[in-house]
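Residue numbers (UniProt numbering), protein chains in the order written: chain S, 1 to 309; chain W, 1 to 331; chain X, 1 to 331.
No lab work stands behind these hints: they were computed from the structure. One or more of the hints may lead you astray.
Covered by chain W, per the in silico footprint, the following chain X stretches (three or more residues, Cβ under 8 Å) [to be verified]:
hint : segment
1    : 52-61
2    : 189-200
3    : 267-273
It should be emphasised that the depicted structure is a prediction, and the values quoted were computed from it without experimental measurement. We treat Cβ as the ideally placed atom computed from N, Cα and C, and that holds for glycine.
The chain contents come next:
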Amino acid sequence: MTKAGLIKFRNDFLDHDITYSFLHSPATIIAALVTLVMFVMAFGAPLFTSYTPFDPGSLNLMDAFIPPAWEDGGTALHVMGTDGQGRDIFAAILYGTQVSLTVGLLSVLLSIGIGIPLGIIAGYSGGWVDTVIMRIADIQLTIPPILIALMIDGITRTSISRDLHEVVAIPVLVASIGIASWPQYARITRSGTLVERNKDYIAAAKLIRTPVPLILLRHILPNVIGPTLIVATIGVAVAIIIEATLSFLGVGVPPTTPSLGTLIRIGNSFLFSGEWWITFFPALTLVILVLSVNLIGDWLRDTFNPKLR
Amino acid sequence: MPEQVAVQVDSLKVYFDVSPPLVTRLLNKLPRQYLKAVDDLSFSITKGQTFSLVGESGCGKSTVARSVAGLCRIHDGQITINGTDADLPAARQDQRDAAEQVQMIFQSPYASLNPRWRVRDIVAEPIRAFKLARDKADERQQVARLLEQVGLSASDGEKYPHEFSGGQRQRISIARALSSRPKFLICDEPTSALDVSVQAQILNLMTQLQDELGLTYLFISHDLAVIDHMSDWVGVMYLGRICEITPKSELFANPRHPYTRMLLATVPDLQGKSNRPTITGEVPNPITPPTGCYFHPRCPHAEDRCRSERPTLQTHGPTRVACHAVQEKRL
Amino acid sequence: MAVLDISDLSIEFPTRRGILSAVEGLSLSIEAGEILGVVGESGAGKSLTGNAVVGLLEPPGRVSGGTIRLNGEDITHLSENAMRRVRGAQIGVIFQDPLTSLDPLYTIGRQLTQTILTHQKLSAAGARDKAIQLLSEVGIPAPERRFDAYPHEFSGGMRQRVVIALALCCDPCLIIADEPTTALDVSVQAQIIDLLKKLAREKGVATMLVTHDMGVIAETADRVAVIYSGRLVEMGKVRDVIDTPRHPYTRGLMDSIPQIGQNLRTLPNIEGAMPRLNARPEGCAFNPRCTQTLDRCFRHVPPLDTTADEQRQVACWLLTEQENRKETAYA
Ligand SMILES: Nc1ncnc2c1ncn2[C@@H]1O[C@H](COP(=O)(O)OP(=O)(O)OP(=O)(O)O)[C@@H](O)[C@H]1O
Ligand SMILES: Nc1ncnc2c1ncn2[C@@H]1O[C@H](COP(=O)(O)OP(=O)(O)OP(=O)(O)O)[C@@H](O)[C@H]1O
Ligand SMILES: [Mg+2]
Ligand SMILES: [Mg+2]
Chain S
1 MTKAGLIKFR NDFLDHDITY SFLHSPATII AALVTLVMFV MAFGAPLFTS YTPFDPGSLN
61 LMDAFIPPAW EDGGTALHVM GTDGQGRDIF AAILYGTQVS LTVGLLSVLL SIGIGIPLGI
121 IAGYSGGWVD TVIMRIADIQ LTIPPILIAL MIDGITRTSI SRDLHEVVAI PVLVASIGIA
181 SWPQYARITR SGTLVERNKD YIAAAKLIRT PVPLILLRHI LPNVIGPTLI VATIGVAVAI
241 IIEATLSFLG VGVPPTTPSL GTLIRIGNSF LFSGEWWITF FPALTLVILV LSVNLIGDWL
301 RDTFNPKLR
Chain W
1 MPEQVAVQVD SLKVYFDVSP PLVTRLLNKL PRQYLKAVDD LSFSITKGQT FSLVGESGCG
61 KSTVARSVAG LCRIHDGQIT INGTDADLPA ARQDQRDAAE QVQMIFQSPY ASLNPRWRVR
121 DIVAEPIRAF KLARDKADER QQVARLLEQV GLSASDGEKY PHEFSGGQRQ RISIARALSS
181 RPKFLICDEP TSALDVSVQA QILNLMTQLQ DELGLTYLFI SHDLAVIDHM SDWVGVMYLG
241 RICEITPKSE LFANPRHPYT RMLLATVPDL QGKSNRPTIT GEVPNPITPP TGCYFHPRCP
301 HAEDRCRSER PTLQTHGPTR VACHAVQEKR L
Chain X
1 MAVLDISDLS IEFPTRRGIL SAVEGLSLSI EAGEILGVVG ESGAGKSLTG NAVVGLLEPP
61 GRVSGGTIRL NGEDITHLSE NAMRRVRGAQ IGVIFQDPLT SLDPLYTIGR QLTQTILTHQ
121 KLSAAGARDK AIQLLSEVGI PAPERRFDAY PHEFSGGMRQ RVVIALALCC DPCLIIADEP
181 TTALDVSVQA QIIDLLKKLA REKGVATMLV THDMGVIAET ADRVAVIYSG RLVEMGKVRD
241 VIDTPRHPYT RGLMDSIPQI GQNLRTLPNI EGAMPRLNAR PEGCAFNPRC TQTLDRCFRH
301 VPPLDTTADE QRQVACWLLT EQENRKETAY A
């Protein structure tokens, strides 16, 4: 790109309504910054901590139950304290957030991967194809995602060995959350498709015998994907919560690769014996993370689709 | 030189299934119901000419256009375009050629362009579909030429549709329609969403292109002045049937069918005729149309025969009319 | 005294890129029993003017200057509640789309009686009688039987007549009709026009008829106001304006309307398009499209000139120039 082109691009970007609305929404700016920081810290965890809390060899039981740095008995080596096995809470949170984010993102990817194609196909074909797909979605929507996840988890637990289960735990979790929430994306996509398919630009494409898959892919998809992706942002927050819930219940990720939910569960048992920090900091992180992602999602929704408000 | 037929439509029938849902139908023992949107309609268009369809809203004009374009399942009848049957599952190449020959300009300039595509991609879509360009550079050149042909500039290709006004979008639509070099264009109310001053620009562009490229038009409008400006032949439609086919000059000088007369009488014109005849009656429901001649409930000349027997198109001079009164010389 | 008197009305939209002035210094008045047609290109500000009168400007739009008087009373900045009362009691509003103006869930009888009861002290039976009388007044056959029908059981034209009946519930002295016939067929259009004329003639209702169809104006209106890019450019008796348009825009507009029997291959048209509100040129807003510009046209907005004729107002420097020349020659 030429320099003039770049400058024009920059000006267009700064002048754009979306940039404007972003810059005039302090909550969204903060939320975006927080999310970004959490992302960077979670996935670049080794850069921010020297501890490897989930390597059993590196742990020292002597370090167990150290309170946060500012409490009596705290040390600057463990800012947020340590848990019963001497793990540094701060490091555990970094690695835990990484797991939470991974599960959240992958499961939403899976559910839009199922939901968007099914929604477009249902909306475009109509008739019995539509009826079948949407009835399946309806049935699925009546079962809470947690139940579906519990069911899938139960099946995998009984059918494979314990060791193997630890290996496949995260994929299973992603699959169960992903499968549980595709119907909402299918519904949004379908209703968009119903509107778009009768527009004349589709007729113009049919006129030159564009094959149906191409019409779906190149004409309908770009016009219906926006609202779906916006809802998907909020979906990430929901998925993180579901994952945390499942892990808290003990059916999510195993303690060897804990997520925020697992950390909260581990800490929970120490809450009444006074070691509040073991559960408090992971919980706080979870709340901040979910809140930030939600705020971004809300802003996206309001900016791009005033009608959804 | 004998006049060549570009488009031939023979006893076209398009029915829409408007039956109530299966369960309701079974419970109440109702039969299937059909809406005869187009009922036994025939016409032909001479190469290089414009054939127009007029009629009230809901009489089936768009349905005819969509069936000729192959966008709509037809119930019965035959549509031949440039000598090839558009519906024939014959050789693929033929089919492609036939498709190349039909393009359409739509009513709404807002819904007929994909908002997510750049104008140059919109215009190039048919070129790509039929592989009409040698390479990218050739394609870019063709698109630029088309945009200039319809009165836009080549640099407009970089923009998105929302950056254009209604009239300019209609020009983009025309450029897209022309890009596969069709000889036959269907125009379904191409200007009814536009202002008069913009309408004049678009109509002029269309006639100019017809002169330059020898295009054949199937033109649809409900504005009789526009019809008068654009057409060579006019078919007047009422409730899915043609009641009069006539050369344009005859239509306005010498309308025969009572419905045609009524239509002409109701046109407001700039002279502000003060005593226009008031029309009685409403457009009947197309699902349960009247018996005999569909127009008889609103026709001042209806007799018993009109109520029971469906009139067929009869030749009267240059005109073909479906009316018992005209046939019996009562009119 | 005029029923509606708008003087120097300005409407603006504050946006983040500065203030868009959509209507600028518009003055017009309507007498009892008079129909004033308001024409102009899409986006010229016709609907905004109508909406400002009935206090239905959508925020952030606001009246930024001038006054609107109804029967001498200033209603420009009434509170929402006060405005609703005025609207209910004195102004009838007819919008373009007959479908959205009626509630599909209630019978038309119920909608009518509800409206009557909120504005008048009548018994239920009295309201019913009045509603039936209104329905027959607007030309709905057998109103007693249609009273309990739902909107979807009516055709478009009949629905629009019900909307007019609703607007008449409170015996308004002013009707604002924003494109009341655009969604309708020519044959139905004629009925609505007749109805509006009858109301003006028999009940002395003042009517502001917003449309872009000159044919409708020619037939219905007594006077016509032409708006271009938010400014009044010409106003006068309908026949005068149509027969001898004086502003170059009005002239171009009149020329570009196709007429039956005109037999032109190319319609005269105005090149270009109306400027966007944020790109209105300095001076006369029509200057980029005008063929006879003077220096002054690019610098100053021409004032409405009424010197020639009290009834005829034109805002064009050319005409002022001509007047001046005449005067100097005279002196
Ligand atoms: N997909 C459909 N299903 C059922 N009925 C339909 C369908 N499409 C059109 N119709 C009906 O067929 C009839 C003809 O419709 P069509 O759109 O061809 O009318 P038209 O003459 O183009 O009217 P307009 O001037 O309003 O565009 C109408 O009664 C319409 O309700
Ligand atoms: N909410 C808004 N924000 C900004 N500009 C607006 C808004 N509403 C209307 N406008 C602008 O005001 C101008 C006048 O609009 P208006 O609806 O009065 O046009 P009109 O003359 O009635 O046109 P039409 O024939 O299309 O109905 C338009 O250019 C429009 O872009
Ligand atoms: Mg149509
Ligand atoms: Mg308007």
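Hints, verified against the model:
Beta-carbon proximity to chain W at under 8 Å applies to 0 residues in the segment 52-61 of chain X; the threshold of 3 is not reached and the given coverage is violated. Beta-carbon proximity to chain W at under 8 Å applies to 5 residues in the segment 189-200 of chain X; the threshold of 3 is reached and the given coverage holds. Coverage of a stretch by a chain is defined here by at least three residues with a beta carbon nearer than 8 Å to that chain's beta carbons; for the segment 267-273 of chain X and chain W the count is 6, and the condition holds.
In the structure shown, a violation is registered for the earlier hint numbered 1 alone.
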